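Given these sequences and hints, build the entire structure.
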Amino acid sequence: MKLLNRRPKRYEIDMTTGPLIPKIIQFSLPLMLTGILQLLYNAADVIVVGNFAGHTALAAVSSTGSLINLLVNVFMGLSVGASVVMAQAYGAGDTLRMRRAEHTAMTLALLMGIGVGVMGFLLARPMLEWMGSPPDVIDGAALYVRIYFVGMPANMLYSFGSAVLRAIGDTRRPLFYLTLSGLVNVALNLVLVIVFRMSVAGVAVATVASQAVSAVLVLMCLLRSHGLIRLELKECRIDRKSVTEMIRVGLPAGLQGSLFSISNVLIQSSVNSFGSLVVAGNGVAANIEGFVYVAMNAQHQACMTFAGQNYGAGKYDRVRKTLWCCLGIVASVGFLLGMLVYAFGGTLMGLYNSDPQVIAFGLIRMGIILPTYFFCGMMDVMVGQMRGIGLSVLPMIVSLAGACGLRIVWIMTVFAANPTQQVLYLSYPVSWAITFVIHLICYFAAARKRLAPHPAAA
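For the sequence shown, position 405 matches number 702 in my numbering, and the numbering has no gaps at all.
Source of the hints: derived by calculation from the structure; they are not laboratory data.
Predicted model only: the values in this text are computed from it and were never measured.
Note that beta-carbon positions come from the ideal geometry of N, C-alpha and C, so glycine has one too.
Watch out, some of these pointers could steer you wrong.
To be verified - No more than 20 Å apart at the CA atoms, straight line, and that leaves these computed lysine to aspartate or glutamate pairs for EDC-like:
# : residue 1 : residue 2
1 : Lys320    : Glu309
2 : Lys746    : Asp614
3 : Lys612    : Glu309
Stated by the list, open to error - Per label pair, the in silico range of CB-to-CB distance:
# : residue 1 : residue 2 : range
4 : Leu407    : Ala484    : 22 to 32 Å
5 : Ile491    : Phe741    : 34 to 44 Å
6 : Arg537    : Leu648    : 42 to 52 Å
7 : Asp311    : Gln654    : 48 to 58 Å
8 : Phe418    : Ala698    : 27 to 37 Å
9 : Leu633    : Thr710    : 27 to 37 Å
Put into structure tokens, the structure is as follows:
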């Protein structure tokens, strides 16, 4: 079944026609703002707990990110697969394929959310013990993770619902929904932590409540839509062909994310060995660096979706041009924003915690990561380009060998020989730069046939 009218509606972007750079900016700017807002709300968690519950509670909240990502990313990767499948179907004008993919994706989201929630709740403390979480941190960290995973069904539904909207170029409504849910998060943080003195538990409950709000909003959007993406509950089922396509693209993406998290868990374990003050400083610095990352990650999402739509439409010249546009934008954004944040690093750290030792330890990390962060953005754009045209296993292999594997080797050799924070943090820029170069070489080798005038079906 083909679309009868390809004219984009109010929230949609037809990425297959017109100038690329303005449309990439139109698509990615709301994504940047969404990511920044999300981090602001996460920062509110850390700021409130850091200022009103002490550095131990701060370390408990800020040290859980790598563990949560380890357990979640393999499943969240399927939302990447869903977005690519639907973007290609939208570009090709294939209504039936897109609707089957959407209903399959939302069914998977609910089922996986329940399963991952149970798994994360049960494994929280054993995994934190394996990571060597400090004794004065582990109780709070385990409590935070358990409460967080109670909200996993809502988290999955929002992520997959947002993937549906991104596939048609709609990045504005997820921004609006996140704004509302984030306000709920901040308000509950203030009430639960300051008024009711719930400390780590209050932050976790606020996070789960905000995730539930965002999930309800995106579901209402899809249920009430009168267009191509209208969600019909009676059509929610697992379509074998759709799920196979999603797994082909999304499973490698998810495995890559989770195995990346293994290297980050090892790094976090190494950070934990320096004590709770360093853990707190590292967590705050990583939180601040996240603002630069989400700005760059918007280009990864843009490259993947634009490449997907144009690949589905058979417009391979636009697929190639998409890569160079996104690389140029991400390098500029990553370098300029990274240096700007680094220039105000001490002031920004002080907003989270006033302890001078926490600030000093955080600045050690920021001084190494931020000036070189643009390499991470360029690496991710290469991955997005390849996923957009249906190549997902290759970037997974390259990323795991070049970034994840190299970091593990670095920790076991270079860091083991010179166990300082500076040497530990250097594993990031070294792995980013090397992996980007390998991605570039592999892309030109693998994409030549796929982007030929008459490529094989994706």
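State the violated hints by number, sorted upward, taking the hints as numbered earlier in the document. Number 5 - this is the single hint that the structure violates.
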